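Asker: Residue numbers (the working numbering), protein chains in the order written: chain A, 18 to 109; chain B, 2 to 433.
FYI, nobody ran anything at the bench for these hints, they're computed from the structure.
All values reported here derive from a predicted model rather than from experimental measurement.
There are no misleading hints in this set.
Covered by chain B, according to a simulated footprint, are these stretches of chain A (three or more residues, beta-carbon under 8 Å):
{"no.": "1", "stretch": "21-34"}
{"no.": "2", "stretch": "52-59"}
{"no.": "3", "stretch": "77-91"}
{"no.": "4", "stretch": "96-109"}
Taking lysine to aspartate or glutamate pairs in the EDC-like style, the calculated list, with each CA pair at most 16 Å apart, reads:
{"no.": "5", "chain 1": "A", "residue 1": "Lys106", "chain 2": "B", "residue 2": "Asp282"}
{"no.": "6", "chain 1": "B", "residue 1": "Lys242", "chain 2": "B", "residue 2": "Asp253"}
{"no.": "7", "chain 1": "A", "residue 1": "Lys104", "chain 2": "B", "residue 2": "Asp282"}
{"no.": "8", "chain 1": "A", "residue 1": "Lys23", "chain 2": "A", "residue 2": "Glu35"}
With beta-carbon atoms standing in for the labels, derived distance ranges:
{"no.": "9", "chain 1": "A", "residue 1": "Ile108", "chain 2": "B", "residue 2": "Lys211", "range": "55 to 63 Å"}
{"no.": "10", "chain 1": "B", "residue 1": "Arg280", "chain 2": "A", "residue 2": "Asp101", "range": "16 to 24 Å"}
{"no.": "11", "chain 1": "A", "residue 1": "Asn56", "chain 2": "B", "residue 2": "Ala279", "range": "29 to 37 Å"}
{"no.": "12", "chain 1": "B", "residue 1": "Arg8", "chain 2": "A", "residue 2": "Ala84", "range": "39 to 47 Å"}
{"no.": "13", "chain 1": "A", "residue 1": "Gly100", "chain 2": "B", "residue 2": "Lys260", "range": "51 to 59 Å"}
{"no.": "14", "chain 1": "B", "residue 1": "Glu227", "chain 2": "A", "residue 2": "Ala93", "range": "45 to 53 Å"}
{"no.": "15", "chain 1": "A", "residue 1": "Met97", "chain 2": "B", "residue 2": "Ala222", "range": "55 to 63 Å"}
{"no.": "16", "chain 1": "A", "residue 1": "Lys90", "chain 2": "B", "residue 2": "Thr180", "range": "34 to 42 Å"}
{"no.": "17", "chain 1": "B", "residue 1": "Phe401", "chain 2": "A", "residue 2": "Met97", "range": "52 to 60 Å"}
{"no.": "18", "chain 1": "A", "residue 1": "Glu80", "chain 2": "B", "residue 2": "Asn59", "range": "29 to 37 Å"}
A virtual CB, placed ideally from N, CA and C, is assigned to each residue, including glycine.
Take a look at the letters that make up each chain.
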Amino acid sequence: MLALAKLARIEIGDEEAEGLSHEFDAILEYVVEVKKAQNLKVSPLVSDSQGETLKNVLREDREPHEAGFYTEKILAQSPMREGDYLKVKKIL
Amino acid sequence: MTPEEIRAKDKDIHAFLEVFDDAKSYGEGPLSGKTIALKDNILFEGHKASAASKILENFTAPYDATVVKKLKAAGAIIVGRTNMDEFAMGSSTENSAYGVTKNPHSLERVPGGSSGGSAAAVAVGMCDLALGSDTGGSIRQPAAFCGVVGLKPTYGRVSRFGLIAMASSFDQIGPLAKTVSEAEILYNIIKGQDPMDSTTISEETYPIKKKFSKVIGIPRAFVDSEGVDEYVKKNFEEAIKKFQALGYEVRDIELAHIKYSLAVYYIIMPAEASSNLARFDGVRYGFHKDGQDSIDDYFKTRGAGFGREARRRIILGTYVLSSGYYDEYYGSALKMKELITRELKEVFGEIDLFLTPTTPTTAFKLGEKTLDPLSMYLADIFTVHANISGCPAISLPSGFSGKLPLGVELTADLGRENNLFIAGKDFLNEPH
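Chain A extracted, bound-state conformation (with noise of 0.2 Å):
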């Protein structure tokens, strides 16, 4: 449990992490049910109504908003700035 926690990057204490192994035992059983499918063939696999595989739909890239429309607005909630730049700890 407490690999898994690393691989989500959040610190739980050993007593989280018991409680949490109880918990998804019962989330996990219940959940198994799914498995019936497991092995059918199910095609084409997401799909909407129409039958059609889903696709992703983009925007065009064009008629951009003026530059530094929102730079403030979003550099003034990060924690730690330097100018206009995100500053972060030192990582090499």
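Since the structure of chain A is provided, determine the placement of chain B on it from the hints.
Answerer: Chain B in isolation, oriented as in the chain A frame:
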């Protein structure tokens, strides 16, 4: 009602996280003079939006959600932001980082969740209308517990631009109101395709294939699920009789896969939530807790910033997506989701709507389910199919058990919200 009057009325209920002192009208329109509350996961420029999480404690919305833009243009007065389960994760509003909301019909009980604050605020008249979000029942379940109307529109009907995401293939914004007519008015204002949300649909996406002919299906085996209280079943039978008396044809239907909806939901939802909530890192915005180095900042920030249920779901999502378990859980859940969707599509060739209770019980006591997450999850047993399939569904007040409200839920085919409004108004004796 002035902000002071709302605060005074909200003292014992705590539906609002904040009542705005600067509430005003932004124009003239169909909602002129109407007051509306926003669930705390919907962005309203210049105002806080925390998703009831400590990790967004000091976050101020830098722009308006599309629904907020539409509300402003319609003349609505936005009076405040309402309490919710943190990141919309829960069925009781007890997972809020800012205290619980109480059910206005009984203060020792939950209002439902996750849009519990919105439902309670409408129920006691602290606002005329409210917006909630519904990922697995989060509008309809609190609507039933508080005795109001709650609608989850078709997936893609309402733009989620400016909604703090939980599970993106299920999340949908919708109205809570005292009547079906008011819910319909609000729905018509917030709906529509939006270039800022590529999942939104157009009026042509789901053409009408079956003329509305007042046929309601009853999935008997599903309604008889374990854990459904007797008084809920009795109230449900009364609702069926009422529809029959109103000239509706009621027939039993078989849905073989719908019972797997909740299991599908508790795999796909945490999987998507674990991915969506990866953005909260303490670097760009929100709460920050210092660690020894960069990566330790993440561990500390996310460990202390997320509440217990958010931590639980992120870690569960990490598990079902991890190599070795992916096909078993996530892959199987996607297949089952498709089977449920197809099953509903097929049944709507024969019926217009199907009816279930909204919830298996009335509002439960505060603290009753907080120690057992699975029992809390089961509160959504009759609502998640609509999110799994994308279908619209509405919860209608259907009476009381003692002083606690009950609700019944109608589900319609994709794009057929209008059928819900017609039948809902008939059921509540509202003029058309």
